[in-house]
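Participant: Listed below, chain by chain, are the residues.
Protein chains: 6
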Amino acid sequence: MIRRIERIQTELPPPSDPDPAGAAAVQELLGGKFGEMSTFLNYTFQSFNFRNKQGARPFYDLVANIAAEEFGHVELVAKTINTMLTGASSTRNGKAPSAALRDLKGVGNPHHFLAGGQGALPQNSQGRPWNGDYVFSSGDLVEDLTHNFFLETGARNGKLKVYEMVEHPAARALTGYLLVRGGVHQLAYARALELLTGADLMKLFPSPRIPTEKIPECRPHLERREHLRLYRFSQEDFQEVTAVFRGPHPETGEELEVADVPHPVGAPAHDLPPQPAVFAPDYAPEEIAEIAQKLRKQAGLPKEPTGQVSEESADLVETLVGNARS
Amino acid sequence: MIRRIERIQTELPPPSDPDPAGAAAVQELLGGKFGEMSTFLNYTFQSFNFRNKQGARPFYDLVANIAAEEFGHVELVAKTINTMLTGASSTRNGKAPSAALRDLKGVGNPHHFLAGGQGALPQNSQGRPWNGDYVFSSGDLVEDLTHNFFLETGARNGKLKVYEMVEHPAARALTGYLLVRGGVHQLAYARALELLTGADLMKLFPSPRIPTEKIPECRPHLERREHLRLYRFSQEDFQEVTAVFRGPHPETGEELEVADVPHPVGAPAHDLPPQPAVFAPDYAPEEIAEIAQKLRKQAGLPKEPTGQVSEESADLVETLVGNARS
Amino acid sequence: MIRRIERIQTELPPPSDPDPAGAAAVQELLGGKFGEMSTFLNYTFQSFNFRNKQGARPFYDLVANIAAEEFGHVELVAKTINTMLTGASSTRNGKAPSAALRDLKGVGNPHHFLAGGQGALPQNSQGRPWNGDYVFSSGDLVEDLTHNFFLETGARNGKLKVYEMVEHPAARALTGYLLVRGGVHQLAYARALELLTGADLMKLFPSPRIPTEKIPECRPHLERREHLRLYRFSQEDFQEVTAVFRGPHPETGEELEVADVPHPVGAPAHDLPPQPAVFAPDYAPEEIAEIAQKLRKQAGLPKEPTGQVSEESADLVETLVGNARS
Amino acid sequence: MIRRIERIQTELPPPSDPDPAGAAAVQELLGGKFGEMSTFLNYTFQSFNFRNKQGARPFYDLVANIAAEEFGHVELVAKTINTMLTGASSTRNGKAPSAALRDLKGVGNPHHFLAGGQGALPQNSQGRPWNGDYVFSSGDLVEDLTHNFFLETGARNGKLKVYEMVEHPAARALTGYLLVRGGVHQLAYARALELLTGADLMKLFPSPRIPTEKIPECRPHLERREHLRLYRFSQEDFQEVTAVFRGPHPETGEELEVADVPHPVGAPAHDLPPQPAVFAPDYAPEEIAEIAQKLRKQAGLPKEPTGQVSEESADLVETLVGNARS
Amino acid sequence: MIRRIERIQTELPPPSDPDPAGAAAVQELLGGKFGEMSTFLNYTFQSFNFRNKQGARPFYDLVANIAAEEFGHVELVAKTINTMLTGASSTRNGKAPSAALRDLKGVGNPHHFLAGGQGALPQNSQGRPWNGDYVFSSGDLVEDLTHNFFLETGARNGKLKVYEMVEHPAARALTGYLLVRGGVHQLAYARALELLTGADLMKLFPSPRIPTEKIPECRPHLERREHLRLYRFSQEDFQEVTAVFRGPHPETGEELEVADVPHPVGAPAHDLPPQPAVFAPDYAPEEIAEIAQKLRKQAGLPKEPTGQVSEESADLVETLVGNARS
Amino acid sequence: MIRRIERIQTELPPPSDPDPAGAAAVQELLGGKFGEMSTFLNYTFQSFNFRNKQGARPFYDLVANIAAEEFGHVELVAKTINTMLTGASSTRNGKAPSAALRDLKGVGNPHHFLAGGQGALPQNSQGRPWNGDYVFSSGDLVEDLTHNFFLETGARNGKLKVYEMVEHPAARALTGYLLVRGGVHQLAYARALELLTGADLMKLFPSPRIPTEKIPECRPHLERREHLRLYRFSQEDFQEVTAVFRGPHPETGEELEVADVPHPVGAPAHDLPPQPAVFAPDYAPEEIAEIAQKLRKQAGLPKEPTGQVSEESADLVETLVGNARS
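Residue numbers (numbering that gives the first Met the number 0), protein chains in the order written: chain B, 0 to 325; chain S, 0 to 325; chain A, 0 to 325; chain H, 0 to 325; chain G, 0 to 325; chain Y, 0 to 325.
Keep in mind that the hints were calculated from the coordinates and are not lab data.
Please note that a few of the clues may not be correct.
Which copy is meant is left open, so a pair is good if it fits within one copy or across any two.
[What the hints assert, rightly or not] In silico DSSO-like pairs for lysine-lysine, Cα to Cα no more than 30 Å straight-line: (1) LYS213 / LYS293; (2) LYS302 / LYS202; (3) LYS296 / LYS202; (4) LYS293 / LYS202; (5) LYS202 / LYS213.
Excised from the complex, chain B in its bound form (with noise of 0.2 Å):
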């Protein structure tokens, strides 16, 4: 089982333009064959299936540990679909329905506005959803970890290239953390499947051949050593990953390390706005609020929301809703 933790992986900006073609080219990163989706589930039922786990706990340990860590990247991959959607509807004359969508008819992924509300879907970014046929899990060690070597790949494909495509200050901040990261689980998998085969697929990094340092965005990540650290998201298990990464990193040569802390530190997402035009989290979202106001007195909990959200948030929501609303 897990615990969830309110904090997102890496800061992401808060919205600023909005850019809905952006953000459904976004998509592709979270819904896509080689997306975060895709690596999250396929990690997770492998470990689910892992057999004799106790005869080959460092393998074991590895491919629960990363897939951990992927659950936190589908949820900066919709964090910032939802940072790129946010604005995107008109709120001029909010008391009323009206043409606020009128400007999005044609532009981007139709159900971030009419199924969803301004929101990330699991769908690709053709607006085609994920499925369970992107997961593979054939129970064989080195079948799987190749696979997994292999989808690493497709993904890093993936983000290269809407990083190429989408200049939204968001997209980039997540492409950016996303490719440092991918490049440590590439070297992971290589690494396993070399001290079980001996094959040496640390010569097949980085494909796509771009160096991350070469990346802007990636910078401020490899300056943290972000591209040789695996995290072990959780207290007290996964201790025998220390058995499988380590060593060199192939470009660098300096020495791979497991995190002594268990996860990044993170930093609060942002508390994105109303968008009342498709009714999230309401028409009339004060409403909403005052409900729960009432309920958190009734419970006794304190005046302020106890949960913490990004500094910038508060001042954002104010403007924005007060925009909404006026």
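Here the structure of chain B is known, so what remains is to put chains S, A, H, G and Y in place on it, guided by the hints.
Facilitator: Frame of chain B, contents of chains S, A, H, G and Y only:
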């Protein structure tokens, strides 16, 4: 992001007689429209996409927190299927490819044997993959909660029917637990809607109308008051669920409660033995074990694997692998 | 728009021995590529999309009118499946969840039991859902008619094969009727093409080449001249089908005719009894009946239900529900 | 079975400026998960599969009867799309294939032009086909009604958003009407659940929370009391809906009523003109018209087509076909 | 089995202005229900599954042989799409990841850029993958031929519409050729049905009703009599097509003929230049070229590549790669 | 383009006892994610989309050439399935529709009987259609080769498991051959990657780890050195495969070689007899044979069919058709 814990939410029995046809049926609870992947990913996406969460924190905390529990449900169903498939392939002559899957021709889900390693798949009872169209995330809080109430209703229906179809002890242990916990989620969403709108959905409870106390496998969990309790699946977050999840249980009048521990104690899972006929984890699993042992030593890890598994498992693996290799 | 009539187009036998594997096969005639949902929705969409219909009225009237008949075919197939599934679950101990579906594990379409209430589904014989890709509506009249002729050919093929595979009396009554009526539609489209282009598609008839008079279950319908007659499924509209549907039957030379009543007399359907093991219509159907009775009284309705059902049904329900409850 | 009537349930405006991008969006209301094919086929399958209907007649009559109305909604959405697509292809030089679709490259749903004849498709706003997984028919009456209430909620959401996105007069006429009628169905299912269980789902109404009286295109229908009235869509059947559909409207307090005519008077549809660039009904539609005229004569039909179309249409066709041919 | 020949069936122009939106439309002819993958795989499966072929050899030879031609059609459509996509990504600054795909956001099929390397995909114009449900192989010869006639009709419709929508020279060269060759296949299946049953399907020809001689891009092929000629695509086999493919062409009266060479002379394809922004064949294609050159030398191959490409290509690659690298 | 040759790549046994459940399992090797349609179409699309092929000719030649072999593998799997299905329907009373498919109710893939003519389908072992999402064609040479290596690994896994599940002689002959040839392709892609990057993927070989020499049905092919040899499938093209496919075999040390004939000699296929119960090729196959004979005569063809079939087949057809008709 999440932390991952190497325990499952409730104990499952060790492998006994294999039941491949039953395992195919249990897949409905994993990859079906109303299976646990659906509950997990519906609530997860709704929580990722929640707008103005500070304004509606109790409701956000509720959805995000139940999402975390559902990850553990997916895990439980997967473990159940794996348990039921253990021993289904013949291990009589393990040294060369043979007709080890002959008796499984035309039985159950062929992908359990031809594609996977006698392991769980993100598919339903018909072998169709789970897909993202099963996720509803409109952003409108009242609608999303209405959906979730309905989803839990459909999920309860599926669990009851799998209970009636499959008598394997693992399947019964699973459905007994899930029916109780699913009931809690059904209540939670009904309660949230009541607080938001006044509509008394509690009166629809239970639906389908079989009280859990009539089901023997539910009783131990009822006795432990698992039908009254919401876990927070977080040490620090989701504090405001208390503003929603309280009041009397609609069937028994007992008071609902938020647990003062983050999650159920649960139990370590069994370490399911290799199934060499399907190459899981390998056609010669002992070779992988040797490599792993060597790597553990090189990494300075203790001689015994550090990860905990169910106590019965050591003997289990010894016996079953012994059979497989002889 | 439509009016709906509480009669089915031909009599079906009451439930007898259940045949869940047969019911799974009959689904091909419902949700298969060449099933009745396909004929119904192909012609319906073509009729909705017909352009310049005043200029081509006889052809429009033909397509729209056959579409109306196909709704009744979908209904017939559904009723047949429901009949074949009645009694498939055990009713021995109806007061608590039990193993009432045990004997159905691995038999037929698992969704008949795990998702539905022993009822028909919009799926084919493999359990795959019908989908909109099965609809062809090019707008080009000659092409659409060519498609329809081919669709009826494939439909006839499917009906003959289901006839050969499933001997259950309901399935045989169904296929006997549908083969005769499908033949009329095949003729109608061939005739329309002949009148438009001169191409003599009648010579392809029948295809597959088994004359219906060789099939015992077709004979009563042939004797009632159902192979020669087109119904208009409207009191007032579709008058111009007479401009297309006339001339000799290609096998027998008899004259084709447009019926002078809007639709077949048909018969009321059986009122199929509850199946409490799958909660249809409830785990305790008598409670629903009581509520309904009370509501009817409050509304000033007569004591007996106003809707007609097949005469045999009263006894049938009594017997079967009696069994279910005892 | 059904009878089919050559009228649509409400008037739609004639073609004006084409809006292919808008037509692609409106497809969500046809083939989307919450579109009219879903409401139509969900209730239709539930009615076909209803068990013990004599025991629960008022509820059966309700579901079967609303199903019949939904057929007409599918028809209305299709007609709206066809209207919006009329004129989208160029008709400047109709005598040889040209670049008549050039301006439609990259605009809207490409299947409207490449696969269909500028006509409606069983697809959603992303061009994905409707499929049978969208149908829920559990057989459990309370569950099916809960589903239906939720389905109407999602449908209302979709209609409101299409309203906001698409300003074309046909789309606005459509959504104005459907919002009012969908509200009636939402009420009907809430009422049924209340009578069965006591749960007051009326309090969830409306959801999403935009009262229809704020929507100008709804008002004429409200003035005609269409928000209070259920039609029976049958001369003789479904008498017992009166046992369920009564009591006050939750927003206005006005009394609900069952109409004393079987269905809305409605209006004849427009006869949409040919679109020769996409061969609908032909590349040379006048040839088909000649053949049809000859056949009508041979069949002894009156000189003028017997089928009624909207009065404006004669002129419309003349003008538009004239343009197309010149 | 097959031999593969490094020539395409007709010349295509070299890359010119890229047309990504047009390329997305042309995908309908590749992966659409009526695209070339469908014709290719329908006839291929029918030929694999043909029973009693010695008894029906002329018909077997016809189907198997046309299947072989369709492989070349798939190839032609793919090459066309690749040509149209060449140059669509920016190559201004090729040494680091940049915004090279920025202008393609929201244009055409996003998978052309995010998943593929500006290359063809087995998808239709909506980005939906081709699937096996598009194959009809009933085994009944008359039915299969009826299907094939209809399939060619739908394919012709699609080609005409793509012709009208896309003016790019490669798309026009493609559709001009395919319309002529598709006409031959339509005739061949009509002829086969006529010989088997007497039904004169030739009279449905052409459908849709635009004679190819009205289409400028068809004329060169008509002048080369490509509308009259069937190739055998085999040196030795399929001799018996002559028993079916003969008689007069229904439009012109000219005699049909079986070519005395196995296949069209065709032309070498262009060697399309790298697109480094999408890493095709690499981010630094010159490195691959160096390795290849070294390997060729080691294997004793001549200095110049042995495979033939279109004459214009050498210059083309030089220019375009030069641009890409500078 | 291709030429097609009327021989299959290796001999298959004639029909014997039918095995419909086995045939359903073998479908995984045809339409499964790792089946032969996937290998064929992956390499085919990659070859169509190859950019700068003159610069990387040895790699292009390799991919294009293996693609050609895979067409023959698809053919072999189809022929195997057809062989296994022959005789599955009853032929006792062939003159009228009967219960000839009764024993096949609930057995194997229902589409083999209800949709097809006891013939192969583009579906997997669960009856789900192959789809274009199974094709990976990124354009990045290193990635595409990595994918292909992984794809061959998954394909080998599937073949081994089908071997273990299905003992029918045709299935065993098939898998014995495909395992040897698949090994060659796995090697070829590993070798290509090694030459491009230095990564020694040969060390992953074989994966899954069952050497083919342990499999009796592989041995005859090993003895013929089929595990060492690449065919070019072209008289003139693909000369440069020799630059990649050389060096020692990783298991045996024997030298890899490019064959000096274009393709395996292979064998003519059996002419599988009619199955009149499913109308393949007709309900009265002798009528088709008569027509064909007449047409052959009119065309001046020799009295005996010119196409070669396996020698055993003449007797086979006589016997089986005799049975079918008597």
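Participant: Next step is simple, just say for each hint if it's right about the structure.
Facilitator: Now for the hints, and whether the structure bears them out:
| no. | hint | result |
| --- | --- | --- |
| 1 | LYS213 / LYS293 | between (52 Å within a copy, 29 Å between copies) |
| 2 | LYS302 / LYS202 | between (57 Å within a copy, 28 Å between copies) |
| 3 | LYS296 / LYS202 | between (60 Å within a copy, 24 Å between copies) |
| 4 | LYS293 / LYS202 | between (60 Å within a copy, 19 Å between copies) |
| 5 | LYS202 / LYS213 | within (19 Å within a copy, 32 Å between copies) |
The structure fails none of the hints (numbered hints given earlier).
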